[in-house]
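Undergrad: Could you slot chain L onto chain E? The hints should help.
Listed below are the residues making up each chain.
Protein chains: 2
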Amino acid sequence: MKIGVLLSGCGVFDGSEIQEAVSVLIALDELGVEALCLAPDMPQHHVMNHLKGEEMEPARNVLVESARIARGEIQSLADASADSLDGLVIPGGFGAAKNLCTWAFDGPDARVQPAVAELILELVKAGKPIAALCVAPVVVAKALQGGGLSAELTLGTTEGASPYDISGFHGGVEATGMKAKECPLGEIVVDESRKIISSPCYMMEASPAKILAGVRKACAKLVEMAKA
Amino acid sequence: MKIGVLLSGCGVFDGSEIQEAVSVLIALDELGVEALCLAPDMPQHHVMNHLKGEEMEPARNVLVESARIARGEIQSLADASADSLDGLVIPGGFGAAKNLCTWAFDGPDARVQPAVAELILELVKAGKPIAALCVAPVVVAKALQGGGLSAELTLGTTEGASPYDISGFHGGVEATGMKAKECPLGEIVVDESRKIISSPCYMMEASPAKILAGVRKACAKLVEMAKA
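First to last, the sequence lines map onto chains E and L.
The first sequence lines up with residues 183 to 410 when you count with the numbering used here.
The second sequence lines up with residues 183 to 410 when you count with the numbering used here.
In isolation and in its complexed conformation, chain E is listed as follows:
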């Protein structure tokens, strides 16, 4: 079994959230399935200095930076196909909402990268499962909307501590035709018909061990669905 892991850079503020991405690689390895890291070969929207929280120059490439998490073992998204995968995980981080789509700037009117949308829709149409972590469900929402499809998913819960406006995110994905569901850290929301799994991760206040615990649950469900 081979599961794609779609990265969007290397670092929470301009790429993939590193702790979530590594937790996915750990969880898939624990489940005995092969992980194939993927990323689009394109410029990052911008580069953030993660120490100061400020933009910095010069530009960086999403695939090249994602390769850091994957120890160089990564494939360009352009070379990936739904046929060769049994499922897909999309870790969070602002890169999902800045590079894979433009949600960070345009909200529900975001554009999603065509190759990203295509892979997601092909997997869904083939009945293969997708796990979207943290903010990544917005990418799935935009892809599904483009394909005239809908799913139930989560960005977290308004009842727990979060640095983000969870109700705003939930209103946003509902504006794209999805159904948003409250979900605490460490739990998952499963859309059984579309085989879409989502889990809040660092959309909520969290810590590295709590991230791994939630990611494990999402990946276990993904592999279960991929085997069914």
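Don't take every hint at face value.
Stated by the list, open to error - Covered by chain E, according to a simulated footprint, are these stretches of chain L (three or more residues, beta-carbon under 8 Å):
| id | stretch |
| --- | --- |
| 1 | 185-195 |
| 2 | 223-233 |
| 3 | 385-393 |
Claimed, not checked - With a straight-line Cα cutoff of 30 Å, these simulated DSSO-like cross-link-like pairs (lysine-lysine) come out:
| id | chain 1 | residue 1 | chain 2 | residue 2 |
| --- | --- | --- | --- | --- |
| 4 | L | K403 | E | K399 |
| 5 | E | K403 | L | K392 |
| 6 | L | K399 | E | K403 |
| 7 | E | K399 | L | K310 |
| 8 | L | K234 | E | K399 |
| 9 | L | K184 | E | K409 |
| 10 | E | K409 | E | K184 |
| 11 | E | K363 | E | K184 |
| 12 | L | K184 | L | K310 |
| 13 | E | K392 | L | K403 |
| 14 | L | K392 | E | K399 |
| 15 | E | K234 | L | K392 |
| 16 | E | K234 | E | K310 |
| 17 | E | K392 | L | K399 |
| 18 | L | K184 | E | K184 |
| 19 | E | K392 | L | K234 |
| 20 | E | K392 | L | K392 |
| 21 | E | K234 | L | K184 |
| 22 | E | K310 | L | K392 |
| 23 | L | K184 | E | K392 |
| 24 | L | K399 | E | K184 |
| 25 | L | K409 | E | K392 |
| 26 | L | K363 | L | K399 |
Since the hints were made in silico from the structure, they are not lab data.
Glycine included, every Cβ here is placed at the ideal spot set by N, Cα and C.
TA: Leaving out everything else, chain L in the frame of chain E:
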């Protein structure tokens, strides 16, 4: 209890090995101890394109890039002191051997960054434990040599599959006055008198789940020693 995590950049070929560093943050969190990420505020030796395995421009800063792993919650090594820490973990990655010291270029004649050597020696003299993962024992070896001290440590085993010359590394650390001991992936070597723990991690052929398992063992021993 507060344990320092000394980072050396963000990416195996020019900084900290990301999967090892995240595994340390997970393991310390699981053990209920606070992790304080630290890195020297200095230019990286160089920047590697992790996709192509080639050097690239322009320069990057060790502290700024390390902040990606730590989600921005990181302190400059210059502001750290052994007094405020109960122990230290040094993940591997070429950054340990290129930025924290010059072992990658100079072998046993390497120079170690003065602030790194100072922190290590102060911790050892205070009887506080240090866990050095993967190639990071070469940093500890150079610091201890500079302080006229010695310890038993490991870079891995010649009996397992490794992309590196383990016997060459072991000969090198013995040339600095240390005692090298063979150790397989997932196991640890403990110098009880100096309270130095080492474990091979990605010095051997490994995978994300195996890395976490070995890191957990090293961190559990570190916290046990820090509490004693």
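Undergrad: Now tell me if each hint is right for this structure.
TA: Results for each hint:
Here's how the stretch 185-195 of chain L fares: 4 of its residues keep a CB closer than 8 Å to some CB of chain E, so the rule of at least three is met and the hint holds. For the stretch 223-233 of chain L, the assignment as covered by chain E holds, since 3 residues bring a beta-carbon within under 8 Å of that chain's beta-carbons and 3 suffice. Here the stretch 385-393 of chain L counts 5 residues with a CB under 8 Å from a CB of chain E, which clears the bar of 3, and the coverage holds. Straight-line distance between C-alpha atoms of L/K403 and E/K399 comes to about 28 Å, which keeps the hinted pair within the 30 Å bound.
The straight-line distance between the Cα atoms of E/K403 and L/K392 is roughly 21 Å, inside the 30 Å bound, and the hint therefore holds. The hinted pair formed by L/K399 and E/K403 meets the criterion: a straight-line CA distance of about 28 Å does not exceed 30 Å. The suggested pairing of E/K399 with L/K310 is violated, with an alpha-carbon distance near 36 Å, which exceeds 30 Å. Taken as a hint, the L/K234 and E/K399 pair is broken in the structure, with Cα atoms around 34 Å apart against an allowance of 30 Å.
Proximity of L/K184 to E/K409 is assessed by CA-CA distance (about 43 Å); at most 30 Å being required, the pair is judged violated. Taken as a hint, the E/K409 and E/K184 pair is honoured in the structure, with Cα atoms around 11 Å apart against an allowance of 30 Å. Simply put, E/K363 and E/K184 have alpha-carbon atoms about 29 Å apart, close enough for the 30 Å limit, and the pair holds. For the hint pairing L/K184 with L/K310, the CA-to-CA distance comes to about 11 Å; that is within 30 Å, so the pair holds.
Distance hint between E/K392 and L/K403 is fulfilled; the C-alpha atoms sit about 22 Å from each other, no more than 30 Å. Straight-line distance between C-alpha atoms of L/K392 and E/K399 comes to about 19 Å, which keeps the hinted pair within the 30 Å bound. At roughly 34 Å between alpha-carbon atoms, E/K234 and L/K392 are farther apart than 30 Å, so this suggested pair is violated. A hinted pair counts as satisfied when its Cα atoms are at most 30 Å apart, and E/K234 with E/K310 does not qualify at roughly 40 Å.
Straight-line distance between C-alpha atoms of E/K392 and L/K399 comes to about 19 Å, which keeps the hinted pair within the 30 Å bound. A threshold of 30 Å between alpha carbons decides the hint, and for L/K184 with E/K184 the separation of about 39 Å lies outside it, so the pair is violated. The straight-line distance between the Cα atoms of E/K392 and L/K234 is roughly 34 Å, outside the 30 Å bound, and the hint therefore fails. Simply put, E/K392 and L/K392 have alpha-carbon atoms about 19 Å apart, close enough for the 30 Å limit, and the pair holds.
The straight-line distance between the Cα atoms of E/K234 and L/K184 is roughly 23 Å, inside the 30 Å bound, and the hint therefore holds. The straight-line distance between the Cα atoms of E/K310 and L/K392 is roughly 28 Å, inside the 30 Å bound, and the hint therefore holds. With a C-alpha separation of about 19 Å, the suggested pairing of L/K184 with E/K392 holds against the 30 Å cut-off. Between L/K399 and E/K184 the alpha-carbon distance is near 29 Å, which keeps this suggested pair within the 30 Å criterion.
With a CA separation close to 24 Å, the supplied pair L/K409 and E/K392 stays within the 30 Å bound. Annotation: proposed proximity of L/K363 to L/K399 holds, straight-line Cα distance about 17 Å (limit 30 Å).
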